Amino acid sequence: MEYILDVQNIHSFIGQYHILQGVNVRVPKGSITALLGRNGAGKTTTLKSILGLTPPREGKVIYEGKEVQGMRSFDIASMGIGFVPEHRAIFRDLTVEENLKIAERSKGEYIRKKEFIFDLFPDLKRLITLPGTSLSGGQQQMLAIARALVADNHLLLIDEPSEGLAPVIIEHMMKAIQLLSKDSTIVLVEQNFLVASQLAEYYVIIEEGRSVQEGSMKDLANDKAAIHRYLGAA
Amino acid sequence: MTQQPNSRMSAFFLTNRAALFTLLALILLPFIVGLMDGESPMLVFANQSGNSKFAQGLAIEIFILALYALSFDLIFGITGMLSFGHSMFFGVGAYLTGISLKTLGLSLPATLGLVFIAAIVQAVLFGLVLPRVKGITFALVTLGLGSVFHIVVMSSEMGPYTGADVGLQGVIAPAFISPANERLRFYFIALTILILVYLLYKRFVDSPTGRVCIAIRENEGRARMLGYNTFYFKLAALTLSSLTAALAGFMHAIYQPIVSPNVASMGFTVTALLIILIGGVGTLNGALIGAVVYRLLDFGLRRYIGESASFISGTVYVLFVLFIPFGIVGTWKTKSFQVKQGWDRLRKLFG
Numbered sequence: 003m004e005y006i007l008d009v010q011n012i013h014s015f016i017g018q019y020h021i022l023q024g025v026n027v028r029v030p031k032g033s034i035t036a037l038l039g040r041n042g043a044g045k046t047t048t049l050k051s052i053l054g055l056t057p058p059r060e061g062k063v064i065y066e067g068k069e070v071q072g073m074r075s076f077d078i079a080s081m082g083i084g085f086v087p088e089h090r091a092i093f094r095d096l097t098v099e100e101n102l103k104i105a106e107r108s109k110g111e112y113i114r115k116k117e118f119i120f121d122l123f124p125d126l127k128r129l130i131t132l133p134g135t136s137l138s139g140g141q142q143q144m145l146a147i148a149r150a151l152v153a154d155n156h157l158l159l160i161d162e163p164s165e166g167l168a169p170v171i172i173e174h175m176m177k178a179i180q181l182l183s184k185d186s187t188i189v190l191v192e193q194n195f196l197v198a199s200q201l202a203e204y205y206v207i208i209e210e211g212r213s214v215q216e217g218s219m220k221d222l223a224n225d226k227a228a229i230h231r232y233l234g235a236a
Numbered sequence: 036m037t038q039q040p041n042s043r044m045s046a047f048f049l050t051n052r053a054a055l056f057t058l059l060a061l062i063l064l065p066f067i068v069g070l071m072d073g074e075s076p077m078l079v080f081a082n083q084s085g086n087s088k089f090a091q092g093l094a095i096e097i098f099i100l101a102l103y104a105l106s107f108d109l110i111f112g113i114t115g116m117l118s119f120g121h122s123m124f125f126g127v128g129a130y131l132t133g134i135s136l137k138t139l140g141l142s143l144p145a146t147l148g149l150v151f152i153a154a155i156v157q158a159v160l161f162g163l164v165l166p167r168v169k170g171i172t173f174a175l176v177t178l179g180l181g182s183v184f185h186i187v188v189m190s191s192e193m194g195p196y197t198g199a200d201v202g203l204q205g206v207i208a209p210a211f212i213s214p215a216n217e218r219l220r221f222y223f224i225a226l227t228i229l230i231l232v233y234l235l236y237k238r239f240v241d242s243p244t245g246r247v248c249i250a251i252r253e254n255e256g257r258a259r260m261l262g263y264n265t266f267y268f269k270l271a272a273l274t275l276s277s278l279t280a281a282l283a284g285f286m287h288a289i290y291q292p293i294v295s296p297n298v299a300s301m302g303f304t305v306t307a308l309l310i311i312l313i314g315g316v317g318t319l320n321g322a323l324i325g326a327v328v329y330r331l332l333d334f335g336l337r338r339y340i341g342e343s344a345s346f347i348s349g350t351v352y353v354l355f356v357l358f359i360p361f362g363i364v365g366t367w368k369t370k371s372f373q374v375k376q377g378w379d380r381l382r383k384l385f386g
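Residue numbers (this note's numbering), protein chains in the order written: chain D, 3 to 236; chain Y, 36 to 386.
Any given hint could be a false lead.
Chain D regions said to be covered by chain Y (calculated; three or more residues, Cβ under 8 Å) [to be verified]:
hint: 1; region: 4-16
hint: 2; region: 63-76
hint: 3; region: 94-105
It is worth saying that the hints were derived from the structure and are not from the lab.
Predicted model, so just to flag it, every value in this text is computed and none were measured.
Ideal placement from N, C-alpha and C gives every residue a C-beta, glycine not left out.
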């Protein structure tokens, strides 16, 4: 199998706290891979370590065959990694269109991708001139995902996309993520196991800063013991 | 078909009517003040009308202050960098102009060139600390840099050049823009410079680079994870700001009979901060309106109340922050005059 991302035994710290104590994540090209685990297990920190926002002190992050650990985060991002942070991190002082345009890495990308993005999220087209502040939570999440689609990203890191959204909007967003996975590889952090199990083909469970189990999502769905033990879900 | 350019033109006039009206008023101001005194426009043209000349002088001071406040709004209001050494940007322009004209005997264009080179150098100096410090630490480091400059200017060793604590005196402005004899010309030059710089700033803020600066203000981490090396954007904002403040200092040194060391002090940085707080942080035109309010308030209070004016102006600024925390322009835009919240904040102040 060809892996677009290979995270090998990384250790990351936030301040003096040793948050990641050996995380391994392999992401097959073209797949959706879910990082699962309880609150505070280190899932978000893993995404941030991949992007160099919380640079790992040990271990390797290999993206498209190149070691990127220790590189500056904007250089890593420029290699084609889109990040959709949790809490719908859009720019509230910019309009919807400006939020999208700012994600361009080369001129004209936004114009080229516009149609595709608005097909995916028709709401955004209507809101294009409004400032980020006047968007609802669901719309902000759509915009955050749309922003990661403007540039030619090969890998999308999506953090908690369903958090705090109404069920109807979650469904719409899941469809969008499925559509996206046709063109790019996706790493998904998701608390909602139901959402994660429907979207992802592969999973990695992170427990207290360590990756403890990985495999195909189909197998996990039948492994009630593991689900109960690591995720606390029935 | 032929009507299209016309309607586009009228649309332009309609959307910019407030700005165009202000511009017209500023062009006519010297003559209107003259007429109110019963002095003909010819007298104003000949720089013979006393009151008109006085009004022009006050307006020139406001234009210079507005330029300086604009430059501060670019780094603080737009890009989100709180610099407490901003007066140095202005001071370097003012002192270098004085020294270049008086001691070195350079021509006006050569002086302006020198000032711009120095402005770029000091922006790079501030830029050197940028990647290492953020937020309040950046404020403190820039405060340190600004204080060093203030101390150097005030030192007796530099006295022959800077005039130490007395200030730099005896700078002779070239005759064609002499503030005494050719004030009307100075007035229109200063007005033109302010308008051009303001339009340039608007252009910059609306450009993709400017949008990234706004993104940096909101959340630098997010801008970085989109792939932006934010350092270059902050340096660009600092450089443009430094050039503008130095230009304001250049005009100040030519216009004023004396460059006081106060313009290099921390107090003058606070002046810039106050002006954009009054006008509206990050709005650009707030810097212009703030400069008018600040200077006229200061002038009016000093004239009618005297030395205790600063106590009253201080109170007024506190009320500004309590009742219109988004400044005049910000409040106008959001249409939210915070009367009730203002009283609540005031009550909390006194327990």
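Hint check:
For a cut-off of 8 Å, the count of residues in the region 4-16 of chain D with a CB near a CB of chain Y stands at 0, and the three-residue condition is violated. Look at the region 63-76 of chain D against chain Y: 3 of its residues bring a Cβ nearer than 8 Å to a Cβ of that chain, three or more, so the hint holds. For the region 94-105 of chain D, the proposed coverage by chain Y is satisfied: 7 residues have a C-beta within less than 8 Å of a C-beta in that chain, meeting the threshold of three.
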